[in-house]
Amino acid sequence: MAIPVSQAWTVATYVIKQKLAGRKRYPLVLMLEPLFRCNLACAGCGKIQYPAHILKAELTPEECFKAVEECGVPMVSIPGGEPLLHPKMPEIVQGLIDRKKYVYMCTNALLLKEKLHLFKPSKYLSFSVHVDGEKEHHDFGVCREGGHDIAMEGVRAAVAAGFRVTTNTTLFDGADPNSVRRHFDQLMDAGVDSMMISPGYTYDKAPDQKHFLGRARSRKLFNALLSNRKKRWQFNANPIFLEFLMGKRELTCTPWGMPTFSIFGWQKPCYLLQDGYADTFQELLDEVDWANYGTESGNPRCANCMVHSGYEASGVNYTFGSLKGLIATAKAMFGGTYEDEKALKDLNEWAPTNHGQLVQIGSGILSAESERVNHSESLVAGD
Amino acid sequence: MATEQQEHLKIEELQQLNPDQIEVMAGRDRENLEGWIPVLATEAEVKDALEKAFDYRGDVTLTLKSGEVVEGYLYDRRHGKTLDDSLVRMMPSKGEDRSRRSIPYSEIAALNFSGRDTAAGKTFDAWVKKYWEKKAAGETNIQIEPEKLD
Ligand code: SF4
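For the protein sequence lines, the chains are A and B, in the order given. Following the numbering used here, the numbering of the first sequence begins with 1 at its first residue and continues without gaps. Following the numbering used here, the numbering of the second sequence begins with 1 at its first residue and continues without gaps.
Hint data in this document are derived by calculation from the structure and do not stem from the laboratory. Note that this is a predicted model, so its numbers are computed, not measured. Virtual Cβ for every residue (Gly too), placed ideally from N, Cα, C. Incorrect hints may have been included.
Said to hold, decoys possible - To be clear about the criterion: a stretch of chain A counts as covered by chain B if any three or more of its residues have a C-beta under 8 Å from a C-beta of chain B, and this derived list gives those stretches:
(1) 34-43
(2) 55-62
(3) 141-154
Start from the sequences and build out the full structure, keeping to the hints where you can.
What follows is the structure, encoded as structure tokens:
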């Protein structure tokens with residue numbers, strides 16, 4: 001089981017209560033961003049582009065607790081920035097555990113090993129370590145050589161110390177599903193409880209504006225990746241959401257399902273888009289014109305979005321929305337290796353794309369590319 | 001949210017396509033706003049400039065009609081029916097009192113995109129180029145360092 005039974009029970013009863021209360025919009029996971037500063041500068045990330053005084057600002061533990069209580073979610077994910085740079089992170093995590101919230105503390109794990117002693121293992125706490133693929137893929141994605149080894153050291157140390165560890169893998173254009181499947185094996189071998197995966201976010205402010213996956217290619221990639229899957233792979237994701245990524249099912253976005261709270265307040269409307277901030281969660285629910293968001297809205301900024309912050313809650317909603325949903329989820333959880341000849345063929349014939357330099361370090365293609373880059377006078381270094 | 005002017009090319013392109021057929025998503029083109037001092041003569045110019053300031057990932061400087069100068073990060077704006085009931089929200093970067101400010105559009109006399117655009121100039125191509133230059137020079141543990149904050 002990818003998540004503890006107590007967590008599954010808490011979430012199920014929470015969702016059923018919301019449904020019985022007739023609530024149309026309810027949050028499932030709070031995306032709590034206590035700071036924006038980070039010790040990496042990944043090309044695909046659009047979260048850290050702020051002036052220094054903003055990067056130095058952080059939420060107090062009390063502000064974090066107030067936000068969690070205000071929206072009443074059973075689960076809290078702490079992305080950032082890098083949460084381990086927040087001096088009061090252990091206090092924040094403990095305060096959330098004391099409130100019986102299931103916490104996913106997202107980290108690039110550069111500091112995990114040295115800070116592990118500041119946390120106590122608990123069924124309520126998971127370290128969610130970002131590992132974006134095999135060694136070379138991860139290192140290039142995070143723009144740091146050696147990043148993968150440090151992250152995996154952190155994973156192993158946390159597993160050995162008795163913590164629950166999940167991983168989070170974000171895939172951009174150029175990702176090779178064969179490599180990602182080997183990566184899954186490596187993660188399970190390292191003892192992680194479960195893995196999360198997501199297509200890369202189309203951050204408006206990310207340095208890399210060329211490698212975002214569109215919906216069609218995302219589906220092809222995830223179908224090749226997740227069909228014919230190994231039984232030992234444990235995913236920390238709603239199975240309906242995974243089927244959505246594989247193109248087996250349609251879901252509409254529920255941006256209020258994973259609301260984001262940061263130093264600016266409640267982000268309108270979702271984790272990805274910044275259309276302003278509300279001061280309270282209720283104001284967020286009341287003031288956002290939700291019909292303007294989601295792929296089906298026609299809003300071009302939502303056109304290719306398949307991210308978990310928009311669609312995973314939709315999967316959960318589907319699960320608990322009808323008997324059909326419950327049966328489909330149970331089938332996916334207990335039966336699903338998703339055997340698929342066509343996907344297997346796609347996997348076997350998968351060719352790396354030329355512009356996916358971030359996944360081709362050391363290959364002939366990249367070496368040729370580097371020649372071109374090194375001898376081109378037209379390229380301008382940005383920093 | 002980027003302004004219409006910043007987004008219109010990509011939006012036009014996207015509107016021609018069915019999302020389910022999009023293979024690779026084009027990114028956004030960025031306007032170079034750093035150092036810009038817009039003219040704020042008409043209501044439309046005020047609204048457009050402040051919308052761009054909201055989208056801008058650097059500090060801006062506002063000169064108020066009272067003569068006060070406020071420098072900081074403009075993290076939100078609220079649209080009302082008039083300039084009096086529309087406002088920007090800022091986190092000041094300087095001064096003793098760093099508490100947040102809400103400033104009506106009607107009180108703003110001048111705007112300067114004074115801070116560096118922190119989202120500009122670091123392309124992935126530049127990282128790839130620098131990576132291979134450093135590799136060729138025999139460097140190890142190559143990385144893009146996050147910026148120093150002091
Ligand atoms: S589709 Fe994506 S970008 Fe649009 S509202 Fe939903 S989560 Fe946000």
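- prompt: In terms of beta carbon proximity below 8 Å, does the region 141-154 of chain A have 3 or more residues touching chain B?
  reply: Held - the region 141-154 of chain A has 5 residues with a Cβ nearer than 8 Å to chain B, which meets the minimum of three.
message: Closer than 8 Å Cβ to Cβ for three or more residues is the test here. Does the region 55-62 of chain A pass it with chain B?
response: With 3 residues in contact (Cβ-Cβ under 8 Å with chain B), the coverage given for the region 55-62 of chain A holds.
- request: Go check the region 34-43 of chain A versus chain B for me, would you? Three or more residues, Cβ under 8 Å, otherwise it fails.
  value: The restraint on the region 34-43 of chain A holds, since 6 of its residues have a Cβ under 8 Å from chain B and three suffice.
In summary, the structure agrees with every hint in the numbered list given earlier.
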